[in-house]
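Protein chains: 2
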Amino acid sequence: MKLYMTERSGNAYKPRLLLAMLNVPYEKVVLDFPKKEHKQPPYLKINPRGQVPALEDDGHVFWGSTACLVHIARKHGSEKWLPTDPAGMAQVMQWLELAQNEIHYGLQWARGVMNKIKTGNLEEYQGYGKTGLEVLEGRLRNNQWLALGRPTIADVACYPYVAVAAEGGLKLEAYPGVTAWLKRFEALPGWVKRV
Amino acid sequence: MKLYMTERSGNAYKPRLLLAMLNVPYEKVVLDFPKKEHKQPPYLKINPRGQVPALEDDGHVFWGSTACLVHIARKHGSEKWLPTDPAGMAQVMQWLELAQNEIHYGLQWARGVMNKIKTGNLEEYQGYGKTGLEVLEGRLRNNQWLALGRPTIADVACYPYVAVAAEGGLKLEAYPGVTAWLKRFEALPGWVKRV
Numbered sequence: 023m024k025l026y027m028t029e030r031s032g033n034a035y036k037p038r039l040l041l042a043m044l045n046v047p048y049e050k051v052v053l054d055f056p057k058k059e060h061k062q063p064p065y066l067k068i069n070p071r072g073q074v075p076a077l078e079d080d081g082h083v084f085w086g087s088t089a090c091l092v093h094i095a096r097k098h099g100s101e102k103w104l105p106t107d108p109a110g111m112a113q114v115m116q117w118l119e120l121a122q123n124e125i126h127y128g129l130q131w132a133r134g135v136m137n138k139i140k141t142g143n144l145e146e147y148q149g150y151g152k153t154g155l156e157v158l159e160g161r162l163r164n165n166q167w168l169a170l171g172r173p174t175i176a177d178v179a180c181y182p183y184v185a186v187a188a189e190g191g192l193k194l195e196a197y198p199g200v201t202a203w204l205k206r207f208e209a210l211p212g213w214v215k216r217v
Numbered sequence: 023m024k025l026y027m028t029e030r031s032g033n034a035y036k037p038r039l040l041l042a043m044l045n046v047p048y049e050k051v052v053l054d055f056p057k058k059e060h061k062q063p064p065y066l067k068i069n070p071r072g073q074v075p076a077l078e079d080d081g082h083v084f085w086g087s088t089a090c091l092v093h094i095a096r097k098h099g100s101e102k103w104l105p106t107d108p109a110g111m112a113q114v115m116q117w118l119e120l121a122q123n124e125i126h127y128g129l130q131w132a133r134g135v136m137n138k139i140k141t142g143n144l145e146e147y148q149g150y151g152k153t154g155l156e157v158l159e160g161r162l163r164n165n166q167w168l169a170l171g172r173p174t175i176a177d178v179a180c181y182p183y184v185a186v187a188a189e190g191g192l193k194l195e196a197y198p199g200v201t202a203w204l205k206r207f208e209a210l211p212g213w214v215k216r217v
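So the protein sequences, as listed, match chains A and B. Its first residue numbered 23, the first sequence is counted upward by one per residue in the numbering used here. Its first residue numbered 23, the second sequence is counted upward by one per residue in the numbering used here.
The set of hints was computed from the structure by calculation and includes no laboratory data. Any given hint might turn out to be false.
Note that identical chains are pooled: a pair holds if it fits in a single copy or bridges any two copies.
[To be verified] Once the Cα atoms are required to be at most 25 angstroms apart in a straight line, the calculated PhoX-like pairs of lysine-lysine come out as: (1) K57 - K152; (2) K152 - K58; (3) K67 - K102; (4) K58 - K97; (5) K152 - K138; (6) K67 - K152; (7) K152 - K61; (8) K50 - K67; (9) K193 - K61; (10) K152 - K140.
Start from the sequences, fold in the hints, and give me the full structure.
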């Protein structure tokens, strides 16, 4: 199994976390982000979207963090990290969707603007990010984990950019359920630092 | 099964299409979009993100188009519309991810700006949308369907906003694989018009 990634990418951090938690060995292919290797033809053959992560396994390439998480969870995580019953799977999916929406073009883009790696409307992105944090807090105020009574790929998908929300100007102090969940997540066996 | 929706929402159109194609009866709960009913407390209890669609079934509520599609496909579509083997499921998921990214904040947002229901940087959104269309074209030039050799929820998720890409200023003439796929999709048994 080969993971195309950069060390700093929060999206590539998602499969890295799950692989570490499941103790699955894999080969890291680290792209040169400053040289825009992810936007050059050789890599675009692997992932036409020009982003990391992508995962090569069993003769297939899967691009995008959700596809990577789903492949790893289904192959190595049994039903624990991604159940296949209709209600359980849909409950996991709704948080993966939050990760792709309010967390991505909210928290992540706000951080991108503040870190000067992206241009755009900071206030708009912070507004989406705030909605995302409120939705997370609504769940985590009275629950330990996002989708089910145990950690799933929903938690893995939401964690990386929530953990660095402050870099986008959104303070986590107002969200005690979220901050407690971040600590709980970081205490899981196999958890690794991003860089 | 109750579907919270508006008639015009492309995201709500996704589960409506799948329910129609699978011939599953359901109750429509149509929200008053101009009166912002989707942003008022009674609905926010159902979907804290303040968006449509949401699906109520078996004592659960699932919000977001991906979660709705996954629930319906797993409950009523057997392995056909969403397989559960690691590679098959991940191949479907990568297109659901495109639908949540380049199609959503590309095609959909560009259309939103041009239809004056959203503010923002039209050129930026069109740029993302163009990437999305190119990725779709790369697949559909030599394949009939997005994820596998048959229609899956990947096609259902990508179809609604690609079908109206021209409203966001992106002409589909340059993408013959995509336009042929749109026609193929519209010929599937059970296909319904949005409005």
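Tell me, please, which holds for K50 and K67 at an alpha-carbon limit of 25 angstroms: within, between, both or neither? Within one copy only: 18 angstroms inside, 43 angstroms across.
Given a CA cutoff of 25 angstroms, do K193 and K61 count as a within-copy pair, a between-copy pair, both, or neither? between (33 angstroms within a copy, 24 angstroms between copies)
Give the relationship of K57 and K152 under a CA distance limit of 25 angstroms: within one copy only, between copies only, both, or neither. Classified as between; 23 angstroms across copies, 33 angstroms inside a copy.
Given identical chains, is K152 near K58, meaning Cα to Cα at most 25 angstroms, within a copy, between copies, both, or neither? between (31 angstroms within a copy, 19 angstroms between copies)
Is it within, between, both, or neither for K58 and K97, if the alpha carbons may be no more than 25 angstroms apart? neither (31 angstroms within a copy, 43 angstroms between copies)
For K67 and K102, with the copy left unspecified, which applies at a CA distance of at most 25 angstroms: within, between, both, or neither? Answer is neither; intra-copy 33 angstroms and inter-copy 28 angstroms both fail.
For the identical chains here, do K152 and K138 meet the 25 angstroms Cα criterion within one copy, between copies, both, or neither? Classified as both; 20 angstroms inside a copy, 24 angstroms across copies.
I want to check one pair: K152 and K61. Are their C-alpha atoms no more than 25 angstroms apart within a copy, between two copies, both, or neither? Answer is between: at 15 angstroms across copies they meet the 25 angstroms cutoff, but 31 angstroms inside does not.
Between the shortest in-copy and the shortest cross-copy C-alpha distance, which are at most 25 angstroms for K152 and K140: within, between, both, or neither? Answer is both: 19 angstroms inside a copy and 18 angstroms across each meet the 25 angstroms cutoff.
Between the shortest in-copy and the shortest cross-copy C-alpha distance, which are at most 25 angstroms for K67 and K152: within, between, both, or neither? For K67 and K152, only the inter-copy Cα distance (17 angstroms) is at most 25 angstroms; the intra-copy one is 36 angstroms.
Hint violations for this structure: numbers 3 and 4, all remaining hints satisfied.
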